[in-house]
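Peer 1: Below, each chain spelled out in residue letters.
Protein chains: 2
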Amino acid sequence: MSNPLFSDRHVDFLLREVLDLPGLLALPAFVEHSEETCAMYMDACRKVARQVLLPSYGPVDAAAPGLEAGGQVRLHRDMHEAHRTLVELGVLTAARPEAVGGTGLPMLATAASHAYLMAGNLAAYALEGLTTGAARLIESFGDDDLRARFMRKMYDGEWTGTMALTEPQAGSSLSDVATKATPAADGTFRISGTKVFISGGAHDVAENIIHLTLARIEGAPAGIKGVSLFAVPAKREVNGKLVDNDVLCSSVFHKVGWRGLPSVQLSFGDRGECHGWLVGAPHQGIKYMFQMMNEARLMVGLNAVASASVAFHAAIAYAQDRPQGRPLTAKDPTTPQIPIIEHADVRRMLLRQKAIVEGGLALLLECARLTDLSEHHPDPAERKAAFLLLDLLTPIAKTFPAEYGFEANTLAIQIHGGYGYTSEYPVEAWWRDQKLNTIHEGTSGIQGLDLLGRKMVAEGGAGLRDLAGRVTATLAKASQAGLPATLTEPLSAALQAWLQASATLGAKGATGDVDGMLRHSADYMSLASVTVVGWMWLRQAVAATNATDRDLAQGVDAAARYWMATEATKAPALAARIASGEDSYAALDPAWL
Amino acid sequence: MSNPLFSDRHVDFLLREVLDLPGLLALPAFVEHSEETCAMYMDACRKVARQVLLPSYGPVDAAAPGLEAGGQVRLHRDMHEAHRTLVELGVLTAARPEAVGGTGLPMLATAASHAYLMAGNLAAYALEGLTTGAARLIESFGDDDLRARFMRKMYDGEWTGTMALTEPQAGSSLSDVATKATPAADGTFRISGTKVFISGGAHDVAENIIHLTLARIEGAPAGIKGVSLFAVPAKREVNGKLVDNDVLCSSVFHKVGWRGLPSVQLSFGDRGECHGWLVGAPHQGIKYMFQMMNEARLMVGLNAVASASVAFHAAIAYAQDRPQGRPLTAKDPTTPQIPIIEHADVRRMLLRQKAIVEGGLALLLECARLTDLSEHHPDPAERKAAFLLLDLLTPIAKTFPAEYGFEANTLAIQIHGGYGYTSEYPVEAWWRDQKLNTIHEGTSGIQGLDLLGRKMVAEGGAGLRDLAGRVTATLAKASQAGLPATLTEPLSAALQAWLQASATLGAKGATGDVDGMLRHSADYMSLASVTVVGWMWLRQAVAATNATDRDLAQGVDAAARYWMATEATKAPALAARIASGEDSYAALDPAWL
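If you read the sequences in order, they're chains Y and R.
Under the numbering used here, the first sequence has 58 at position 55, and the numbering climbs by one with no breaks.
Under the numbering used here, the second sequence has 395 at position 392, and the numbering climbs by one with no breaks.
The set of hints was computed from the structure by calculation and includes no laboratory data.
Just so you know, not all the hints are guaranteed correct.
Pairs involving identical chains hold if they fit within one copy or between any two copies, as the list cannot separate such chains.
Said to hold, decoys possible - In silico DSS-like pairs for lysine-lysine, Cα to Cα no more than 27 Å straight-line:
{"id": "1", "residue 1": "Lys228", "residue 2": "Lys334"}
{"id": "2", "residue 1": "Lys573", "residue 2": "Lys511"}
{"id": "3", "residue 1": "Lys228", "residue 2": "Lys244"}
{"id": "4", "residue 1": "Lys334", "residue 2": "Lys290"}
{"id": "5", "residue 1": "Lys244", "residue 2": "Lys480"}
{"id": "6", "residue 1": "Lys387", "residue 2": "Lys480"}
{"id": "7", "residue 1": "Lys238", "residue 2": "Lys183"}
{"id": "8", "residue 1": "Lys387", "residue 2": "Lys573"}
{"id": "9", "residue 1": "Lys387", "residue 2": "Lys334"}
{"id": "10", "residue 1": "Lys334", "residue 2": "Lys238"}
{"id": "11", "residue 1": "Lys573", "residue 2": "Lys334"}
{"id": "12", "residue 1": "Lys334", "residue 2": "Lys511"}
{"id": "13", "residue 1": "Lys183", "residue 2": "Lys334"}
{"id": "14", "residue 1": "Lys183", "residue 2": "Lys387"}
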């Protein structure tokens, strides 16, 4: 199976022509780097993704690990090899500063490079992504002792990490976390409780696993204000040796996808001997964890783009290879059949996938660029603006690729016909993987509430105003570049519809009708998504007017036209429904079902 | 696991209040039947579906059969029991006339009853559905010898049947069927060729399988005009004994869903000893098969409704049982959590599922009613009108539940959160089952071409004109009944949009721009779907104004309002896109991807 995973020319176009990687590299923070160093890392990632990860995907998916005696979980040998290769490649610290042993690449270049790794083998990459995210929490909020005790070995790839938030009675509701932390005489805590759906929570790829765990210190306030963050290792060091830390894997979930990476239930402290180290200050766990969650949400968005992209490229290849049927006007059944890519409806499905995959990638890389600017721009005002815009875009960048990406994966199966419904082709496996992305790291429903209830109104709507200004500037550039009204008018109308809906709903919230405001959060998310991705496509269309690669430019133009005609045009009806206060579901009595 | 599969009160409401089963029973053809006999059959089906089929669903899904030595395929023992039970229940001939040993129930009552069986265990029912469809072909087009030789034992449940159309090089393109039929001295034919994706093509539930097979008689014209229909038994009778008929199961496809019913590859005549019996006249195979395909398409539509319905009811139960989070305005984290059905976005997902499931069921049962009228109405003009309308609705009734039903199944997973992504709950299995329905019996793309290129223009558009008249009559009734404009105006606008798009595209086709016409077939299908299902909901809303069950009536009203506000309002933008001649995908050059 040969698969490019992403279109190299499109990724390069995004980095250089659309998202201005050269401009980013001119910032003082990236003085050690250049387009050349970024390209070297990109090349190395592409090679590993295509030559090591992708070939391992099928075998790993086909042999999901189970629970063995003593809570043991053994991963497929290809997961072991992938771990060694990815650590050697330097994925754990590619975007971390040199001060903690990192390479210090811009997040923009890192994310674009890692997207290939995710597309090659999602489960294999996720183990590293979780580890670097967990280590990052300690880097940000832990003291020198914790950094030395845990972070260093995690960044080195000797140990891995998890985020241990969810409990059986507290999935989306973190204020109900019940895991307990009891202070011990040695300054650490004794942890007890049960966590579920912990990805990478048990395996044999590394000798130790550090669980970044939410728990409640005895006597802490109820709700999210009483939740603290702990580093809880599977094994703790005693006299220079690793001993069991009373963290038991009590079951492995049988998941639909992501089958290479076990998701497990963990019992902490069944014997009362589970030591945990407080990270940062007590009762600040949710605030700290939000850093990881925001990064994790962007990682999920990029995962979703990657799973959709690898399937998109498989669908292109299949559509070009598979002969079936003849042109609609052909009358002679003795003429040869044509490849299905010649059929308009197959092209529609391919262009829709392209619009979703490459529009989604542009959005996630824009978020990576904003991450860089929010951390490294010398001007504090620019940093703050980038942060607010990133904060606004994060729930969209998590949800759009998960929801639309799932549709793209479904279309890839459809193009494969009956064969796509069998395990003879990998499209069904990527489709199974994709489904998780609307659920984990905050469901689409939670993201909608976050976007409308928090991000839209943050700082008096500053992020949305900034975004509107940027979209308007792109519209002006598009007109200057001579792009047709079919590309600009639908986006302009969508932006107005979004702003109008924001005003309508914001006014409801301001007058105390919070339920009336938030019951339209799903419509609001759709409205934001078609607009933001429309902006991504118009930015690409503007940049493509200068592109020397005419195939690339025509592809961008076709996808942009498709998006504007098919998706951006949905905005007015969405805004009208929001304005009408439609309440059929909110008013629903369960007895009516 | 307790699950009603469908809402009994809603099914009864559809039959009696919306689709006028009593009026149908007044036709002379149904003189032997009454509401009581229909209700008895319904009760028996509900009981089997809930007590026998549903408990077997999980075990059967978990143990998909494989290929054993000698081409043997052994089904799960629960599939054996289900077969015996369904045969005893009389499903094979419930709607067949007494002349062939049937019960002669109206298709309307039969389809509503069998929907429960499909929802209980899709694979188990499908074996019977395929058998009755195959036997029906022999009943319609075979002579007395073939009826005695094959049909009788199929209707008795001793033997089962399949439809063997697809070949590796001819999936959607039946004109490329290459299986050969060579005349033999005894009046039969020797069949040779390979068929793929033959559902129920090999199993050990019955002693023989009759494959209704498309093949080409030596010297036949190329294309679909040279394809004939044959009955090809797995075993043929020689001197009163069954002997091997040289039909080898050479592989079993590893499918994503429908795992209880094997889909296999069959090699006919490897040893030159495969006897086939011509059904009807030579070269008429496609015409004959279309009868079965149209029935099969309606069966797929009902399968899709059933898979969505059982998941919908599981989601209702889960949403009522699962506590998570608090009201949006609650500030006190020590108050108990509320069931997730209290959250507006969960209600949205449930009401959307209801609108899809029950709107889809209404459409499929309307098609069943039209089947009855087209076959049994005493007035030939009424029969013809019913046939034309049924013909128009069939591709919609196949595609809408498959496409939207898949979305409903996805929402059922979403409501289950992380648990829905595991095999601990059955929602993921129904979701896997559902995916096939957009692919088999003609992909959604093929259905779109059929609707727009054949059905819309058939008899000068008579079916569409008739439908428009019926929708308009329902709109008038709704106004008379005092229903609000929020229920009627979106449907009225959708109907106008559909008619306008039909005129636009019909004119393109009439002037020879067939490609320009048909490249909008997917949009056209969407437009037809939101309108037709809107009609179903308005008919239900009108009927519900008289309903004594107020919970039922309010549920119908909520779903109708939801559909009109959310789906019917999509019609104008779809029609505008069609009118614009948008061609981004049709103009796509593969090099641009």
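Peer 1: Each hint needs a verdict: does it hold in this structure or not?
Peer 2: Consistency of the hints with the structure:
1. With identical chains, the CA atoms of lysine 228 and lysine 334 are at most 27 Å apart between copies only, with a shortest distance of 12 Å across copies and 73 Å within one.
2. Proximity of lysine 573 to lysine 511 under the C-alpha cut-off of 27 Å is found in both arrangements, the shortest distances being 23 Å within a copy and 26 Å between copies.
3. For the identical chains of this complex, lysine 228 and lysine 244 are neighbours neither inside a copy (36 Å) nor across copies (80 Å), given an alpha-carbon limit of 27 Å.
4. In this homomeric assembly, lysine 334 and lysine 290 come within 27 Å of each other (Cα to Cα) only across copies, at 18 Å, whereas the closest approach inside a single copy is 67 Å.
5. Taking the shortest Cα distances, lysine 244 and lysine 480 never come within 27 Å of each other, neither inside one copy (63 Å) nor across copies (82 Å).
6. When the C-alpha separation of lysine 387 and lysine 480 is checked against a cutoff of 27 Å, the pair qualifies only within one copy, where the shortest distance is 25 Å, while the shortest distance between copies is 59 Å.
7. In this homomeric assembly, lysine 238 and lysine 183 come within 27 Å of each other (Cα to Cα) only inside a single copy, at 19 Å, whereas the closest approach across copies is 68 Å.
8. When the C-alpha separation of lysine 387 and lysine 573 is checked against a cutoff of 27 Å, the pair qualifies neither within a copy, at 32 Å, nor between copies, at 39 Å.
9. Neither within a single protomer nor between protomers do lysine 387 and lysine 334 lie at most 27 Å apart by alpha-carbon distance, with minima of 64 Å and 30 Å respectively.
10. Taking CA atoms no more than 27 Å apart as the test, lysine 334 paired with lysine 238 passes in neither setting, with 72 Å inside one copy and 39 Å between copies.
11. Taking the shortest alpha-carbon separations for lysine 573 and lysine 334, neither the intra-copy value of 38 Å nor the inter-copy value of 36 Å comes in at or below 27 Å.
12. In the homo-oligomer, the alpha carbons of lysine 334 and lysine 511 lie at most 27 Å apart only across protomers (19 Å), although the nearest pairing inside one protomer, at 61 Å, exceeds that limit.
13. For the identical chains of this complex, lysine 183 and lysine 334 are inter-copy neighbours only, at 23 Å across copies versus 74 Å inside a copy, given an alpha-carbon limit of 27 Å.
14. Within a single copy, lysine 183 and lysine 387 get their C-alpha atoms no closer than 36 Å, and across copies no closer than 73 Å, so neither meets the 27 Å cut-off.
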